[in-house]
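**Q** Got chain A; can you put chain B on it based on the hints?
For reference, the chains in residue letters:
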Amino acid sequence: MGVPVTATLSRSTFTGLRCKECGHPYEAGARHVCEDVCFGPLEVVYDYDAIRSRVSRATIEAGPTSIWRYRDFLPIEGEPIDVGTGFTPLLKANRLARRLGLANLFIKNDGVNMPTLSFKDRVVSVALTRARELGFTTVSCASTGNLANSTAAIAAHAGLECCVFIPSDLELGKVLGTLIYNPTLMAVRGNYDQVNRLCSEVANTYGWGFVNINLRPYYSEGSKTLGYEVIEQLGWQLPDHIVAPLASGSLFTKIRKGFDEFIKVGLVEEKHVRFSGAQAEGCAPIALAFAEGRDFITPVKPHTIAKSIAIGNPADGPYAIDIANRTGGSIAAVSDAEIIEGIKLLAETEGVFTETAGGTTIAVLKKLVEQGRIDPGETTVAYITGNGLKTTEAVVDAIGSPYTIDARLDSFQEAWSRAQSAHPSS
Amino acid sequence: MPVQVLIPTPLQKFTADQATVAVEAASVDQLLQALEGQFPGILARLCDENGKLRRFLNVYVNSEDIRFLDNQGTALKDGDEVSIVPAVAGG
Numbered sequence: 017m018g019v020p021v022t023a024t025l026s027r028s029t030f031t032g033l034r035c036k037e038c039g040h041p042y043e044a045g046a047r048h049v050c051e052d053v054c055f056g057p058l059e060v061v062y063d064y065d066a067i068r069s070r071v072s073r074a075t076i077e078a079g080p081t082s083i084w085r086y087r088d089f090l091p092i093e094g095e096p097i098d099v100g101t102g103f104t105p106l107l108k109a110n111r112l113a114r115r116l117g118l119a120n121l122f123i124k125n126d127g128v129n130m131p132t133l134s135f136k137d138r139v140v141s142v143a144l145t146r147a148r149e150l151g152f153t154t155v156s157c158a159s160t161g162n163l164a165n166s167t168a169a170i171a172a173h174a175g176l177e178c179c180v181f182i183p184s185d186l187e188l189g190k191v192l193g194t195l196i197y198n199p200t201l202m203a204v205r206g207n208y209d210q211v212n213r214l215c216s217e218v219a220n221t222y223g224w225g226f227v228n229i230n231l232r233p234y235y236s237e238g239s240k241t242l243g244y245e246v247i248e249q250l251g252w253q254l255p256d257h258i259v260a261p262l263a264s265g266s267l268f269t270k271i272r273k274g275f276d277e278f279i280k281v282g283l284v285e286e287k288h289v290r291f292s293g294a295q296a297e298g299c300a301p302i303a304l305a306f307a308e309g310r311d312f313i314t315p316v317k318p319h320t321i322a323k324s325i326a327i328g329n330p331a332d333g334p335y336a337i338d339i340a341n342r343t344g345g346s347i348a349a350v351s352d353a354e355i356i357e358g359i360k361l362l363a364e365t366e367g368v369f370t371e372t373a374g375g376t377t378i379a380v381l382k383k384l385v386e387q388g389r390i391d392p393g394e395t396t397v398a399y400i401t402g403n404g405l406k407t408t409e410a411v412v413d414a415i416g417s418p419y420t421i422d423a424r425l426d427s428f429q430e431a432w433s434r435a436q437s438a439h440p441s442s
Numbered sequence: 010m011p012v013q014v015l016i017p018t019p020l021q022k023f024t025a026d027q028a029t030v031a032v033e034a035a036s037v038d039q040l041l042q043a044l045e046g047q048f049p050g051i052l053a054r055l056c057d058e059n060g061k062l063r064r065f066l067n068v069y070v071n072s073e074d075i076r077f078l079d080n081q082g083t084a085l086k087d088g089d090e091v092s093i094v095p096a097v098a099g100g
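Protein sequences appear in the order of chains A and B. Numbering-wise (the numbering used here), the first sequence opens with residue 17 and increments by one. Numbering-wise (the numbering used here), the second sequence opens with residue 10 and increments by one.
Source of the hints: derived by calculation from the structure; they are not laboratory data. You may find that some hints are simply not true.
[Unchecked claim] If you anchor each label on the Cβ, the simulated ranges turn out as follows:
1. B/Thr29 / A/Gly100: 39 to 47 Å
2. A/Gln253 / B/Ala31: 58 to 66 Å
3. B/Ala31 / A/Glu95: 22 to 30 Å
4. B/Gly88 / A/Ser351: 39 to 47 Å
Glycine included, every Cβ here is placed at the ideal spot set by N, Cα and C.
Excised from the complex, chain B in its bound form:
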């Protein structure tokens, strides 16, 4: 069973309007590469030229911010849910 990825609205143009996609990946870094394999062009939106996730994007694995885990090295296993969420204002 692969990893489920929740795609934010602004990126759904890369995924043929799918809000959820499935990829095979053992880490967040691998997941980013796997997304690029399936949806060419999406990686340049997610990461800067150094391959780092853009600072206004939050990535969660099973609801936990990867900055509380191992950032882009965070391990993934089958059945995990990864959510990509642009930063939002609050209150």
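So that you can see chain A by itself, here it is in the shape it has in the complex:
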């Protein structure tokens, strides 16, 4: 098909945009929907022959320890904004695996991503690089918190003006973690879906680069690096099963795209990977549709502590359902209480403190194991996408408290014996 070629600089491997639904081609500008035909989402088109001729395991391994080691798979033309994003740890989670009855469990810990401790740094690094290339001087986003943190931080580093929008009821850590970079922050009285609607209306009349709206085709490509890194960190192999949180569904679909692209260009041997998704019961439009065998989403009004994934009207939900169905995966939802238990379980067994989205993922992982949907021997990767220090409100009433003592041995001894009876060593 004839796709307009606009990105012709020598290092660029992407050739334009294309509607994911009807295939209609578009130039690689700031647009996100198929405005000429069907309003489907637009996707970046690459020249995979060019990528294949340019990339090998060795060239990737020689690259920077950031997402930009995969730059030939990312939709930018010139120099990237590299703030050290990506290449986060893949932990072999033996203690959590034993607790759950698994043998080969890994945790991909994007809770320690740079610069703002969530996977959003990946998508924003790509989106703001592209925003600069497209000539934007002000960048923006609608956010459940993590995206606002990341957009504000990386905009500060790149010297871009920044105005971001969040629901007004977010956790303090997420608000503070945005304000510190001194953007203009709009706290909207309403839920995320209402914030998103407002931002679409603002995008109609202000000439800003909204990372998740008019820059969405570029932005969402950043999530593919979560697929690439896991392949590389598993020793250039695909896992058998992945479990990831579902908010809009975009991350899920892009991990899959990342796996597929590495197969396509010959960097990894083909293998069937099952994809399972995690939602909170208080906002589970994708899990509900999956359970009812529907391929369309009925929006819901979110009510859950897992605010970072509380999207009631998930744009990529139908694609997430399709992937779970086609790969033999599953999509499940867990209660707020189970989410808190998930956060604690990951912390106590692996030393990883995640936020509510990660608690959701761990709780769903546990549920799927209990339902027999994950084989104990499978190489399973659970994606942890955010950091617990941003959502301390969620767990503050569910964890212990310190023993306050005097600076005297007898005071310590008395408290220690109380601690021993409260926490018998196992």
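**A** Below, chain B alone, put in the same frame as chain A:
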């Protein structure tokens, strides 16, 4: 007083670059027809061949998604604000 309609950027080429237009309509279905009357060609973008709103489009009446109301049968009254918003990614 008619209904105000917020037009997304990709459709503003039909509305002579106006981001807001006014139409007379008593339901969302009527509104879609009224838009086509004023801006020929816009209906084929908004709806599929069966007259159903395309699945990647969201329509809100006074900030409420019409899927929580009566979908395309949702009643409108003078002064209502209708927003047409393509689906967006999140986080």
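**Q** State for each hint whether it applies.
**A** Okay, the hints, checked on the actual structure:
no., hint, in the structure
1, B/Thr29 / A/Gly100: 39 to 47 Å, "43 Å, holds"
2, A/Gln253 / B/Ala31: 58 to 66 Å, "60 Å, holds"
3, B/Ala31 / A/Glu95: 22 to 30 Å, "47 Å, violated"
4, B/Gly88 / A/Ser351: 39 to 47 Å, "41 Å, holds"
Of the hints listed earlier, the one the structure fails to meet is number 3.
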